[in-house]
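Chains A and B, in that order, are what the protein sequence lines are.
Just remember that the working numbering sits 343 ahead of the position in the first sequence, which is counted from 1.
Just remember that the working numbering sits 622 ahead of the position in the second sequence, which is counted from 1.
Keep in mind the hints are simulated off the structure, nothing from the lab.
Please note that the accuracy of each hint is not assured.
[Said to hold, decoys possible] Derived DEER-like restraints, expressed as beta-carbon distance ranges:
(1) Glu824(B) to Gly355(A): 31 to 37 Å
(2) Glu915(B) to Arg593(A): 50 to 56 Å
(3) Glu408(A) to Glu824(B): 35 to 41 Å
(4) Glu450(A) to Leu929(B): 38 to 44 Å
(5) Phe414(A) to Ser1016(B): 16 to 22 Å
(6) Leu991(B) to Gly447(A): 26 to 32 Å
(7) Glu426(A) to Arg645(B): 27 to 33 Å
(8) Arg1011(B) to Arg593(A): 53 to 59 Å
(9) Glu915(B) to Gly447(A): 34 to 40 Å
(10) Gln1012(B) to Arg593(A): 49 to 55 Å
(11) Ser1016(B) to Gly447(A): 26 to 32 Å
No residue lacks a Cβ here, since even glycine has one placed at the ideal position from N, Cα and C.
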Amino acid sequence: MRPNVLELRGLGKRFGDLQALRGLDLQIHAGEVFGFVGSNGAGKTTTMRIVMGVLAPDAGDVLWEGSPIAFETRRQTGYMPEERGLYAKQPIGEQLRYFGQLHGLTEAAAGDATDVWLERFGLGERQKDELLKLSHGNQQRVQLAAALLFDPVLLILDEPFAGLDPEAVDAMSAVLREQAAAGKPVIFSSHQLELVERLSDRVGVIRRGELVACGTVDELRGRGPERLWVEAPAATADWAAGLTGVTVVRSAGAGYLLELGDHADDQQVLQAALATGPVREFRRERPSLLDLFREFVSDPEIDAA
Amino acid sequence: MPPDVRIVFLIARREFLTRIRSRLWLIGTVVLVLAVCGFIVVQAKVISPHGSHTKVAFLGPARALQPNVSRTAAALGVTVDVQSVQSESDGVAEVDSGELDALISGERTHPTVTVKEQLSTEVAAAISNASKQIALNEALLNQGVDPGVVSGPVAASGPVIHTLDPGAAQRATRDVAGIFVAVLLYIALQIYGQVVAAGVVEEKANRIVEILLSTIRARQLLFGKVLGIGLLGFIQLAIVGAAALLVAGRTQTVNLPTVGLSSVLGGLLWFVIGFVLYAFLYAGAASLVSRQEDLASVTTPVTVLVLGSYLAFFWVVANPTSQMAAVLSLLPPFAPILMPARMATGDAPTWQVGLAIVLSLATIAGLNLLAARIYSNSVLRFGSRVSLRQAWSSAP
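Just chain A, with the same shape it has in the complex (with noise of 0.2 Å):
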């Protein structure tokens, strides 16, 4: 595994009556690309505001490669804020510029950098218009090249996928998919589930505040009990009732989902079902993230789990 660079240790945050964080931990590796989801109020933008500082934790450490991440490191990094943030009236080319050497670049290198984002969201032609002129989408990618043309060592992107055609999307995956392959952490939050499943190598889930589950996607989905999808025409509707530690999720025609417990054998399920007559489909149903997204978050058992 990667070596853990950015470490978020027994984060809590409260806001009036309102707790947003309690004692959230999370690992994020070198190179990986981390998808943040939970529902609106989570504590994903909580989260994201401490590590660029902009918020003062109640409790708990950031630990930027084992020590208390330092102003350097965050001035370092390419941050995109959930309401994105930039002069409306200046021109985009200028802004850029600006907001380059803001970060330590020189003059020279904020221009060259500059150049060479806008022209790589085909953007180029446009550095003399004013933000306020550019659609939402293109905004959004100017956002980005803000938090780009640094060379960051870290990057934080609350929702950058939010708005955005599916034209745009690809692009902005692309772009950070090659961040992280040069090794870079890239932690972006998303409520487009199938996309954070495609884009993400780990995902972590937040529920009130802590992180409710964490993994790769295929270990969070194969850490929900196993279930078949058995298609077995000529069954009768109590044919799986006498295997044990199996029960029927639901059936849709000839299609029955089992749920299977501990001790049960999906092999003995397989001749079971074969009894009754032909089989015409028998495969393991592994679940989406949104199924799991709607598990982790609605089921108030995983908290004790």
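On the provided structure of chain A, position chain B as indicated by the hints.
Showing chain B alone in chain A's frame:
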């Protein structure tokens, strides 16, 4: 340049460049220059005893009065512009149309003066003096006396004027200079204070401040902003001041080296002090809210303070030597408008100016700490208005 200083410089440069390019700034500068120059020209007409001209024509025997009228009128501050007319009727017509101010005709000792409405007192006195002189000369000649014998001692006679308060003559122009400085400083402090406040809220409203403050320190952002916007205001005031000096020089409203230049330089110095003082207050207040709509509710106390200083000036100018005027102009919230105005009116002794500067700088040092703390603690708190207690006590 050290990295920390470079960041303040970068911020100041952005604040300065994005605003100085705007049409709004250019229009504002032009309007101010026109307003100030117009003000001076109007004042010149009201208060200036110099530069008045009168167009006069002489006909017939009254022509003999011309040298004496011109000389006497000049001594009274009126330049007589002698024109020629062909006949009495032409001259009357020209007076009627306004081309001539007065037509002097008829006898030397009893000239007829034709005017449209009224003859100015200076010209009337000059004509009267000239005709009397001629009558006197004729009477002396009739008595066999050489008028030359008499005219020498007569011309040499006159009062010796002993002036108790030599500065009083300049009082009117000095008061005008004081009003000019107070009005301009009031406008500039209000406008540029509001620009700072609006800039703070802009960054908060669109959350740029989140990106900025994960990259730079709140204090750097605050200083850069105050510096950049302050420079913008300083340049505008310097342009207006230079234009004012130019116009004042041409209209001879004020004595340039003593009143004009010192008023403008004093005004600029106090703009710097006053702007920094109020800019910190405006920035600290503005950082408490997240939307432009809420800005007025938090900046009003600061606005009232500036307005109060401005209104106090009119009391001060009416009571220039009172102790109250001196005390008010020393106190930091009022000093940036009152002290330069009193300097322009010539009522502020040097020690008071020095003390006012020291007091203001000390206040700025204190406000700087206060405002930077409130700003740092509030600027990342979004949503509803941040209470002063929250702003003072902790980071978000």
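So, going through the hints one by one against the coordinates:
1. Glu824(B) to Gly355(A): 31 to 37 Å: holds, 32 Å
2. Glu915(B) to Arg593(A): 50 to 56 Å: holds, 53 Å
3. Glu408(A) to Glu824(B): 35 to 41 Å: holds, 36 Å
4. Glu450(A) to Leu929(B): 38 to 44 Å: holds, 42 Å
5. Phe414(A) to Ser1016(B): 16 to 22 Å: Cβ of phenylalanine 414(A) to Cβ of serine 1016(B): about 19 Å, so the range 16 to 22 Å holds.
6. Leu991(B) to Gly447(A): 26 to 32 Å: holds, 28 Å
7. Glu426(A) to Arg645(B): 27 to 33 Å: 29 Å Cβ-Cβ, so the 27 to 33 Å window holds.
8. Arg1011(B) to Arg593(A): 53 to 59 Å: holds, 56 Å
9. Glu915(B) to Gly447(A): 34 to 40 Å: Between glutamate 915(B) and glycine 447(A), where Cβ atoms are some 36 Å apart, the hint holds.
10. Gln1012(B) to Arg593(A): 49 to 55 Å: holds, 52 Å
11. Ser1016(B) to Gly447(A): 26 to 32 Å: Once the Cβ atoms are compared, 29 Å apart, the range 26 to 32 Å for glycine 447(A) and serine 1016(B) holds.
Figure legend: structure checked against the earlier numbered hints; every hint is met.
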